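One line per chain: the protein sequences are L and C, in this order. Read in order, the letters of the first sequence correspond to residues 219 to 583 in my numbering. Read in order, the letters of the second sequence correspond to residues -5 to 521 in my numbering.
A portion of the hints provided could be inaccurate.
Stated by the list, open to error - Each pair of labels, with its calculated beta carbon distance range:
1) C:ASP311 / L:PRO397: 48 to 56 angstroms
2) C:LYS379 / L:LYS299: 51 to 59 angstroms
3) C:ASN333 / L:TYR348: 54 to 62 angstroms
4) C:LYS379 / L:GLU329: 44 to 52 angstroms
5) C:ALA360 / L:SER524: 38 to 46 angstroms
6) C:ARG250 / L:TYR543: 23 to 31 angstroms
7) C:GLY33 / L:MET219: 19 to 27 angstroms
8) L:LYS433 / C:SER465: 48 to 56 angstroms
9) L:GLU538 / C:GLU229: 16 to 24 angstroms
Treat the hints as calculated values from the structure; they're not laboratory data. This structure is a prediction, so every number in the text was calculated from the model and none was measured. Heads up, the beta-carbon is just placed ideally off N, CA and C, and yes, glycines get one too.
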Amino acid sequence: MVTLKIDGKKVTVRKLSTVLDAARKLDIPIPTLCHHPELSPFGGCRLCLIEIKGYPKPVASCTTFAKEGMEIITASPSLEKLRRTTLELILSDHPKDCMVCERAGDCKLQELAYFYGIRENRFEGERRIYTKKDNNPFVAREMEKCILCGQCVRICDEIQGVGAIDFAYRGLKTKICPPFEKDLDCEFCGQCVSVCPTGALTGKMWAHKGRQNFKEVETVCPYCGCGCNLTLHVWRNEVIRVSSKEDTINEGWLCAKGRFGYGFIHSPDRLAKPLIRTAPKEGVDLNKPQNSSRFTIHDSQFKEVSWDEALDYIAVKLKETKEKYGSDAVGGLSSARCTNEENYLFQKFIRAVIGTNNVDHCARY
Amino acid sequence: MTNSIPEIENHDVIFVIGSNTTETHPIIGLRMKKAVKRGADLIVADPRRIDLVRSSSLWLQQTPGTDVALLNSIMHVIVKEDFIDKKFIEERTEGFESFKDSLDEFTPEAGERITGVPKEKIVKAAFLYGDAVRPGIYYTMGITQHTHGTENVYAIANLALMTGNLGRESTGVNPLRGQNNVQGATDMGCIPDFYPGYQRVDVPGIKQKFEKAWGVKLSDKPGLKAPEMIRAAIEGKLRALYIMGENPILSDPDVRHTINALKNLDFLVVQDIFLTETAELADVILPSACYAEKNGTFTNTSRTVQRIRKAVEPPGDAKADSYSISELGKRFGYEMNYNLMEDIFQEAKKLWPALVGVTYKRISKAGLQWPCPTLDHPGTPYLFKGGFPRGRATFTSVRYRASEELPDNDYPFLLSTGRQLFQYHTGSMTRRVDAINMVSPGAYIEIHPDDADKLNVRDGDIVKVTSRRGSLDIEVMVSERPLKGLVFIPFHYREAAANLLTNTALDPVAKIPELKVCAVKIEQSNK
Ligand code: SF4
Ligand code: SF4
Ligand code: FES
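Take the sequences, apply the hints, and build the full model.
The following block contains the structure:
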């Protein structure tokens, strides 16, 4: 453990903690753009500069280890001036796109520009030019908005273990892109999107679905057994985006299905009415495209009925079977994708109402 | 899982056998990669060069279906090199001596002969696992979907027991459950021999407890497991079936067999969110609410009970499954009325002490892992600390038995089925997401380059794949992933439904079908 003083306050942190970690522990705000607690330190954006007593120049707090007895100043007129200049430089080649940017209101760069009141820019100059190659359906890349913080590069490499993107070229030409500036072809986990501090990386399916006034609902992924926690962003009865928070069992990481596989919720194919069969059963033609309840066999083989009609009919038929052949001639297959409560009710229904233990689910497949 | 997900990163050795973790459990896969970054050794045993192999320090490419021989020969070396945990064996297990003798014949040489894994690698695996301080074993359907799946699981348990690698933090045996609430559905008693909380239906006393709670007489005859129901339907013994949110036509082995079975029923109810292949054969279809349209809980693979919450309204007249079930109960004169979703959860808890400490309020932010027996219990991250619930754990000697249907002259290739990263299960949800369809548009068969040469087929060609049960036309993907002689088809795609080909042979105990091994032939297609 080491003890140091930040802005006059004492704090004790573990060895190998950075000055930034120590400041965060004291809840002292230091602006950062390239730091991520789960990733290796980068020291690229120079916003987290601080002064250490006895050091000739300000240093980046995210790459400086806390040492016993250090005395640190996180805010001073000269530090603020430095940060301001750094920000102005970052903004000098940034498109002024906030009006239509997907991340407006949720953008770290915009927030800092706001705090530092940066409107005019002294350095307005040359811009990096990107050719857009974005046919992938998940990640929209507006790389003119990239501030080269490298979080996406690090997350893809260090957390996801894929390494689909990297820094290319040097100096003013530096860019982040897949090899040979091709389109992304990767696991599409969207981890990079989740850490991008600006509007450079966003979800393609988020576009024009709304940026404000959505409700956030905390829930769990409907797919695999990892049980990742999801935050559904809901606007007017529609799920328009999915994200995940850092303090969850999945640490905020998701896979492509969890992050981008939500479109089925509002699919026009969703069953919306109880249906009763009107024509004899045909086989199942697997070569036909997937059934949509609105367009295919629905009309030729089923008719829409009310809930009461459907439920009455089911009850009559199940009773009939039970009386004629006994309870064990009836079975129930429940679902590993339904809730605990529904599964409890389902087996209770089969056992207590039908009177058989013929109840199972698809754990075997 | 006996451990919890965050514990993964502190293993010093991870042994993954029969689990393509990064594709089927991607976030658990991330934790494994994190452990490797922190210095853990990863052993992967898989007939395919799955993505995890890249992060591994040792890859055992066994012939499918030879896991018992592989594990037994690893254990043979562990005994020989004295990596066993004598104290643990003495204090917490029984039957070690006779079990030990059963390993005699499984020398690394014998292991190599049966599994195709070089004996040096078998020895290395034994040294890595045997010497580990906090090892974890991970497996999924690659272990269980065999006619000897139960033996595979016993062999894994033996390995952990003999080395004392159970019941400690970041140390244990971790079957990964496939779907988001398999754990919960099983916990809640949607299995034919257990009431909620793993209480046997045929043990006296338990039935009475449930009869009292539910106010009715109950049957003490264990019911039929899912594959047995399908058979009973063919035989005419099962006449009516109520399916809630399942699509057996695509998920069960031998599609034609399943279709015949369902057609043979007098009455089939399917409750789902889409008109699935199975619903096409229904007499009545009930429209359900999906996960985003209802409240309740899911229990993930690490026994963590977590809240799900209603975010949007269901489409049209679709209603939560709980509605249809209670309404049907009512029509039988049996009231199943609950004011709140949590009331149902409360009722289940009363019957299963391990959940008593879990309330919606306590899990409003983060879930709790059962057993959680009291309201101030913090939940149980890892199982079997200090002992096993039934006293001593028993070693079960297992012998290697070949899979039921192996390649022969007529059907020379071995077919395995499974999942891939982007699509999910029978595809009823993911295949309705346009973006996912763009990256995973259709089915394919993975074929080793040497086999492709022999068959004279190239990437993108269409071939006809035939087994004793059916055939399908499918696009070729030439790939270094599978072992020579092995082909792989993901089962998500109806138009090339892998399960047209698979075998319905079951593990005699668990009744899990042998989806990982069957024999097929491959020909040029005239399509
Ligand atoms: S989506 Fe995932 S795999 Fe693809 S570039 Fe981003 S972090 Fe890497
Ligand atoms: S986000 Fe991916 S890994 Fe997480 S639960 Fe969903 S499907 Fe599984
Ligand atoms: S946060 Fe320290 S340099 Fe960017």
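- Task: Identify every previously stated hint that the structure contradicts and give their numbers, smallest first.
- Result: none
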